[in-house]
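K.L.:
Those protein sequences? They're chains B and X, same order as listed.
Residue numbers for the first sequence follow the numbering used here, beginning at 1 and rising by one.
Residue numbers for the second sequence follow the numbering used here, beginning at 1 and rising by one.
Hints were generated in silico from the structure; no laboratory data involved.
Just so you know, not all the hints are guaranteed correct.
[Stated by the list, open to error] Just so you have them, the derived chain B footprint on chain X, three or more residues with Cβ under 8 Å:
#: 1; stretch: 86-93
#: 2; stretch: 121-129
#: 3; stretch: 164-171
#: 4; stretch: 221-228
#: 5; stretch: 246-257
Note that the structure is a prediction, hence the values are computed from the model and not measured.
Ideal Cβ placement from N, Cα and C applies to all residues, glycine included.
Now for the letters of each chain:
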Amino acid sequence: MAPDNTSAPSADAHGHAPVGSTEVPGHHAESGGLPQFEFQYWGGQIVWLLVLFAILYVLFARVFVPRFRKVADARAETIAGALDDARRVQAEADAKAEAMKVEIDRARGEARRLVADAQAAAAEQLAGSQAAQDAELAKQIEAAETRIRSMRDGAMSNVKGIAADVASTMVEKLTGKPVTATEARAVQGNA
Amino acid sequence: MAGPMEQFEVRKIVDLPDFTIPGVGVIDMAFTNSTLAMTLAAAAIAGFFALATAKGEVVPGRLQMVGEAAFNYIDNLTTSIIGHEGRKFFPFIFTLFLFVLTMNILGMFLVFTATSQLAVTATLAAMTILLVLIVGFARNGANMYKLFVPAGVPWYMLILVTPIEFISFMLRPVTLALRLFGNMLGGHVAMKVFAGFVVSLGALAAGGGLGLLGIPGAMLSLGGVVALTALEFLVAFLQAFVFAVLACVYLNDVVNLGHHH
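The following block holds chain B by itself, in its conformation from the complex (with noise of 0.2 Å):
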């Protein structure tokens, strides 16, 4: 390699060539040095660089880039909102079970309710068979000692009676006297 090739004489050296000229650069390489320093497609070269960077800077800048820039929002958008509905699913699921333990709570209590109701219904309807039944018992025992008491009171008058008849009769047997009927009561009382 030429050692010279990056001084300006080399420039020089190749920039004899009218610009502009179509003649075919082919046998500058062999003059040595580096194809690349043959300034007079400089020019060329660096307009058409920056032409076409421009046109793919706009490109990018105002078409590709904002196209998925939007996507990309769009992927973001729609993952938030799937994460928004899931989270408001369950949300919603979960205050459904919350109504739903409430529910149970309260047809829990109801039952229990009801059960205490019928248990005290039972015991109440119950008692109250006993104490007809025990009522009536009292009544047919009281009922029956009553006849007892009378029978006994009449058995007591018929014993009294029988006695004034032996009282009297006794004594008309022993002192051949009747006995009036004041003198028997009078016995009978002191009996």
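Following the hints, position chain X against chain B.
P.N.:
Showing chain X alone in chain B's frame:
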């Protein structure tokens, strides 16, 4: 046999009328193999992204997937280096990356590599540095001097640091241009030289006699060409990536001047 440098020669394909820029001079606007390579690259990029973004589906197809992968790759790069303001510069960085990458890759398939032309890499580097300067002065104004005066450095160190920082800043466009240019030039020269060995040693072997010794050499060279081709594909991507990363880093220096994040 064509020399290894012939592939870099610019040839006219269609001669177009000259173009005069006042104060600069006459510019030969001929359509050359170099401009053809650039145009093909630009057309390929535009065509690909027009197709990839045409549908814009939330659930992407294959093309859109590839486009989005490239998009996200550079988007993450700009945002991670420049920060949230990287979005503003993303179209520029993305265009730069894709243009350099496509020209590099096309150079692997076609006979001409536009990025092996110093005119091309220097223009891209100059554009980048111009953008850095414009953004820097627009945002920081006179505070741009802080670029060369790092905060928290004692004054006696600044005497040394400031000229170094200044020179390194001035050399940025040069290194930016020469890195890409040198990589593409060197890689393609090496490939061509090894490929030339295969042909010349093969020709030697065809002559018979002692020339048959050329066969192992030719096989070795062929292996070298295969290996270099693989390497060059890596370099083609890597240099485009490096260009984009450095453009981001240089932009970050002026966008976030004074407050490091």
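K.L.:
So which hints don't hold here, by number, going up?
P.N.:
3, 4 and 5
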